[in-house]
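Participant: Going down the list, the sequences are from chains E and X. Per the numbering used here: the first sequence ends with 376, consecutive numbering throughout. Per the numbering used here: the second sequence ends with 375, consecutive numbering throughout.
Hints are not guaranteed to be accurate.
To be verified - Here are the simulated BS3-like pairs of lysine-lysine, each with C-alpha atoms no more than 27 Å apart in a straight line:
#1 X:LYS265 <-> E:LYS105
#2 X:LYS263 <-> E:LYS105
#3 E:LYS197 <-> X:LYS265
#4 E:LYS316 <-> E:LYS346
#5 E:LYS59 <-> X:LYS263
#6 E:LYS187 <-> E:LYS197
#7 X:LYS191 <-> E:LYS105
#8 X:LYS265 <-> E:LYS59
#9 X:LYS223 <-> E:LYS134
#10 X:LYS263 <-> E:LYS134
#11 E:LYS59 <-> X:LYS223
#12 E:LYS49 <-> E:LYS126
#13 X:LYS263 <-> E:LYS126
As the list claims (entries may be wrong) - If you want a taste of the chain X side facing chain E, the calculated C-beta under 8 Å gives, among others:
#14 ILE93
#15 ASN228
#16 LYS265
#17 GLU266
#18 LEU273
#19 GLY275
#20 SER278
#21 PRO288
#22 ASN289
Simulated from the structure, these hints should not be mistaken for lab results. Since the model is a prediction, treat every value here as computed from it, not as a measurement. All residues carry an ideal CB built from backbone N, CA and C; glycine is no exception.
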Amino acid sequence: MSSSNSIHNKPLLDVKNLSCHFDVSKPWLNRVIEGEPQRFLTAVDQVSFSINQGETFALVGESGSGKSTIAKLIVDLIHPSSGEILFDGQSLKNTRGDTFKTLRRRIQMIFQDPFASLNPRWRVGDIIAEPIHAFGLAKSQHDVRRTVEELLDKVGLAGRDRHKYPHEFSGGQRQRIAIARALSAQPDFLVCDEPTSALDVSVQAQILNLMRDLQDEFGLTYLFISHDLSVVKHMADRIGVLYLGSMVENSPSDQLFDQPAHPYTRMLLDAIPDHEMSGRRRKQVTGEIPSPIDPPSGCTFHPRCEFANDTCKEQRPSIHETKGSLVSCWASEEGRLAHQPKG
Amino acid sequence: MTNPTSLSTPPADASIWRRILDSDLFYDFSRRPIIILSALLTLVIILAAAFAPWIAPHTPFDPSSLNLMDGFTPPMEPNAFTGNVYWMGTDSQGRDIFSAILYGARISLLVGFAAVAFAAILGITLGLIAGYKGGLVDTIIMRIADVQLSFPAILVALLIFGITKSLIPNEMQEQAAIYVLILSIGLSDWVQYARTVRSSTLAEKNKEYVQAARLFGVSSFRILARHILPNVMGPVLVIGTIGLALAIILESTLSFLGVGVPATQPSLGTLIRVGNEFLFSGEWWITLFPGITLLILALSVNLLGDWLRDALNPRLR
Numbered sequence: 034m035s036s037s038n039s040i041h042n043k044p045l046l047d048v049k050n051l052s053c054h055f056d057v058s059k060p061w062l063n064r065v066i067e068g069e070p071q072r073f074l075t076a077v078d079q080v081s082f083s084i085n086q087g088e089t090f091a092l093v094g095e096s097g098s099g100k101s102t103i104a105k106l107i108v109d110l111i112h113p114s115s116g117e118i119l120f121d122g123q124s125l126k127n128t129r130g131d132t133f134k135t136l137r138r139r140i141q142m143i144f145q146d147p148f149a150s151l152n153p154r155w156r157v158g159d160i161i162a163e164p165i166h167a168f169g170l171a172k173s174q175h176d177v178r179r180t181v182e183e184l185l186d187k188v189g190l191a192g193r194d195r196h197k198y199p200h201e202f203s204g205g206q207r208q209r210i211a212i213a214r215a216l217s218a219q220p221d222f223l224v225c226d227e228p229t230s231a232l233d234v235s236v237q238a239q240i241l242n243l244m245r246d247l248q249d250e251f252g253l254t255y256l257f258i259s260h261d262l263s264v265v266k267h268m269a270d271r272i273g274v275l276y277l278g279s280m281v282e283n284s285p286s287d288q289l290f291d292q293p294a295h296p297y298t299r300m301l302l303d304a305i306p307d308h309e310m311s312g313r314r315r316k317q318v319t320g321e322i323p324s325p326i327d328p329p330s331g332c333t334f335h336p337r338c339e340f341a342n343d344t345c346k347e348q349r350p351s352i353h354e355t356k357g358s359l360v361s362c363w364a365s366e367e368g369r370l371a372h373q374p375k376g
Numbered sequence: 059m060t061n062p063t064s065l066s067t068p069p070a071d072a073s074i075w076r077r078i079l080d081s082d083l084f085y086d087f088s089r090r091p092i093i094i095l096s097a098l099l100t101l102v103i104i105l106a107a108a109f110a111p112w113i114a115p116h117t118p119f120d121p122s123s124l125n126l127m128d129g130f131t132p133p134m135e136p137n138a139f140t141g142n143v144y145w146m147g148t149d150s151q152g153r154d155i156f157s158a159i160l161y162g163a164r165i166s167l168l169v170g171f172a173a174v175a176f177a178a179i180l181g182i183t184l185g186l187i188a189g190y191k192g193g194l195v196d197t198i199i200m201r202i203a204d205v206q207l208s209f210p211a212i213l214v215a216l217l218i219f220g221i222t223k224s225l226i227p228n229e230m231q232e233q234a235a236i237y238v239l240i241l242s243i244g245l246s247d248w249v250q251y252a253r254t255v256r257s258s259t260l261a262e263k264n265k266e267y268v269q270a271a272r273l274f275g276v277s278s279f280r281i282l283a284r285h286i287l288p289n290v291m292g293p294v295l296v297i298g299t300i301g302l303a304l305a306i307i308l309e310s311t312l313s314f315l316g317v318g319v320p321a322t323q324p325s326l327g328t329l330i331r332v333g334n335e336f337l338f339s340g341e342w343w344i345t346l347f348p349g350i351t352l353l354i355l356a357l358s359v360n361l362l363g364d365w366l367r368d369a370l371n372p373r374l375r
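Chain X extracted, bound-state conformation (with noise of 0.2 Å):
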């Protein structure tokens, strides 16, 4: 018997490829040149900081491996005593800038990813529970929301990451500065999550494939984790984005401040800080490139984030 209200084409088996290339969003994306240079660009620094051991012609944080010979040698002028060649020059101790950056690269971009991941994992459970109980549970968690974001992120995040330094014994303080550092950017970015998740929450939960899994008498859990989640990604995944950008910056300015990461693992914003001793005495270029590195990268997935967002907004298209 055939059957006039089913569909006769066949199941969407296509490859995973054919889906992406398929997609709106591969086509707005190949039509817009900046947002591909972004992409290529992000992707540029992030395989070059992941793969740095192997690129890198120095180890820049090896004291053997330095010679204070080569110190202040500018971009590509040979060294007045030994000769050697760098690229991007070295700093004061014969550091090679360029090894320096993609190393320093590694570490922003870690702490980056590392309290992005962080914030939005808070943000998406405490956004999904204030959303779905409601009432005081709501209340609590969007009232101290609220307050948080009545600070400055990098205040909170100082304020944090002070709080936290004062708790751990001395000598750990070195092996911890990047877990504290990642603690205290996530925590001063949670709220954004929050606050979007719970408004897509409180959309979500009202609807009815959300009544007909209750009256099944599916767990709250299993509605929140298995119905709601997935359906409130979309806006999270844009926010996620931004985020990268700002925390990579967060980082930075901490670092800047001399409140990240200790001297001897170096992130972008430790080399900025170094280098900006120097600027007056006309070493520029140690703190130049890493600067123009650190604006890159923030630029690129800033654009890439902004993109996504007007994307994936169907108001816009």
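Chain E on its own, in the form it takes in the complex (with noise of 0.2 Å):
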């Protein structure tokens, strides 16, 4: 279904081999008298997505796998180790000029925590115009002004809120001016890193209608980054499932709900409380994700996995397909998958 798709709509974000390792090694002397070698951390390990036109792709995993790593490769706040992230066709990394100011307007961010993302100096309208006069969007201090009314109107905040400051308003309000700033860069593709995990759960679902309704009206892509499958459910079009790094499974919403291919993600739904009480036994996510610095042998949820044998202690398994499902785990490989766990 997938394949099919994305031969008719050509991908917007293209991501290949994608891999970031941090150097988290002592400093040089330290390693030098105690005589250690030199350590690093694999945040990001040959992840591989792609996004298309109008779409919202998520990207869900527990802490420590990768998520907000991958969100700001994408934006360029940090740099891969290896891999390509082709954004129409172009990359931030090999463009200069105005191409790259172009490119860099059209991939914006909604950060995490609205009380850290808002400059508390700054007054709303400067905050919501600063992508205006970085990017040179505007021809007068009119427009920039008529822009900022106007944006604000669109996040549901008055156009006098402008002249207030970022403590003057709850969360919910200070992520609709962020997402307000994100849209004054007149974006294509919004990475959103947890948008709405710092929120009340009132709220949350109040910024998740406004985030979809921006979206029909002004053809955005997401790359909605969380850790709340409930908030995924309602928003993505396609997930992908992250564990230390990789991506184990990537399946269209309905076919990740219905059908979860990997054993990891089948743990991860099995915890999510049954709100319609058919009678499922809610399970608990056993055993912690491990150290990304010495991570396991062969495949990486090994020592976690119910289906776990000698292969996959000893051998990293490739993506294959297997019902619109991308699925790295040879036990779905070798057809060793036969219980359904769930129900």
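Two chains, two frames, some hints: make the complex.
Facilitator: In structure tokens form, the structure reads like this:
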């Protein structure tokens, strides 16, 4: 299904074999004296995915699975160790000058914490106008003002709120301001790094609905990062599941919730409280995510996996397609996932 | 259409005075008599120094206005020869101590403010760069700061003063003395600012509003100047106030040791040193009054700085 779709829509964002290592060694002198080698943390390991125009792609995973690192890699806040990020066929790495500036403008980000993402010393109007000035999107001060007021109106605030400071707003209102700021750059693609996880549940729904409305209005494409599967279900067309920096499953949203292909995805879904009262027993997620500095051999999930055998312990699984899902799992490839633990 | 999420209050257009009077800081200030007294004394000394030419009864350093017969007049007593009364007495050359203090405070405050401004600008700049750039730049700047901090400020100031003076030709020494003094006090005091600003910058630069600005392609210079600087200025204001008291004391110490400003432009420290020579011969007033003025000035400014530090620290509220 995904393959036939992607022939018609060319991907807006194409991520190929993206890896990111961080040097976590001790200082040089300590290493020499203590005779220790350099140590690297693999935050993102050979991740590939693509997002079509107008689609919402969600990345889910536990803390430390590399979700936010991928977000920062895509918006070029940090640079990848290897791999490629193509946006509309171009890479931020290889472009210069005006092309770079346009590319940069088209990719914007909404941050997790609306209390840290707005400069407390700036008025809301100046905060929203910053991208307009930085990218030269308005001809006059009057234009800037009008755009800011329009954007405030679009995100459900009043135009006169531009005179206020961020501390005069609640968390949800601040996130609306952050969204207005991202929109003022006139982007095509928004990276949303857990945009609702710092908000109250009642406000979360408002912000999510706002984001969907804006997506329809402006034809935006979202990369939506979350650890909350119920939020993701509401938003995403496709979902990628991350485990210890690698993508273990990449499926269309409905498929993932109905027929999870990877044991880890099943484990996550089994932990969701059962609202339909279907009598399903909720299973606790067992074990913890291992250290990314010294990951397990073979499939990194094998210590927590009930289907693991010797192959899983020794060899890294490759990505294969099954029923429209891209899965990286030996058990799935070898047909060992016979019984469905769900239900 | 009504917006349920927008606040209904009008924008805060209250006047700046209203905002100051309504602030927590002013409320705290109004309940501390010692701080009010300190602020008043500081203000009086600053105003008296600023308007010295209009307030002072004499121009103490114009030799033509001095009468040697007035020398060593005790305070509040008529002079034995001329019958003139000076309410803080005169020194060996018949110079009115009160006028000398006014002009001396002028020099002391000028050097103090200029040295603090110089130290703050240097320290803030280096602190911002060290904190934002990190890595080797950070290491170099902060190790220099550490080395300098391991010496007493007065030693550093004396060293810089000595080196700079030796580089200036003899005939210019007297005019340049004040600038050399400002330079040496400023250079001995920048570390405080650099350290404070660096640590605040480290905290601020990882906040998401800075990352957002980077996404818009805002230059590092603009990010530092427009985003980070306004958010690290709070602590700088506090150490600046305390630093002013320290700079005035350091200037007086240097002048007392005879390496500060020349005797033709005496500061409070110079006056104290000159008066010190007469202390054991009974002319106590020549050194006591400049000393008291310095004490009041330094103490008031220091108390203000301490209060500001506590009042602006949310953890102590």
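Participant: Look at each hint and say if it fits the structure.
Facilitator: For each hint, the structure was consulted:
no. : hint                  : in the structure
1   : X:LYS265 <-> E:LYS105 : holds, 13 Å
2   : X:LYS263 <-> E:LYS105 : holds, 15 Å
3   : E:LYS197 <-> X:LYS265 : holds, 21 Å
4   : E:LYS316 <-> E:LYS346 : holds, 24 Å
5   : E:LYS59 <-> X:LYS263  : holds, 23 Å
6   : E:LYS187 <-> E:LYS197 : holds, 17 Å
7   : X:LYS191 <-> E:LYS105 : holds, 19 Å
8   : X:LYS265 <-> E:LYS59  : holds, 25 Å
9   : X:LYS223 <-> E:LYS134 : violated, 52 Å
10  : X:LYS263 <-> E:LYS134 : holds, 22 Å
11  : E:LYS59 <-> X:LYS223  : violated, 45 Å
12  : E:LYS49 <-> E:LYS126  : holds, 14 Å
13  : X:LYS263 <-> E:LYS126 : holds, 23 Å
14  : ILE93                 : violated, 26 Å
15  : ASN228                : violated, 48 Å
16  : LYS265                : holds, 5 Å
17  : GLU266                : holds, 4 Å
18  : LEU273                : holds, 6 Å
19  : GLY275                : holds, 5 Å
20  : SER278                : violated, 13 Å
21  : PRO288                : holds, 4 Å
22  : ASN289                : holds, 6 Å
When the structure is compared with the earlier hints, violations turn up for hints 9, 11, 14, 15, 20 and for no others.
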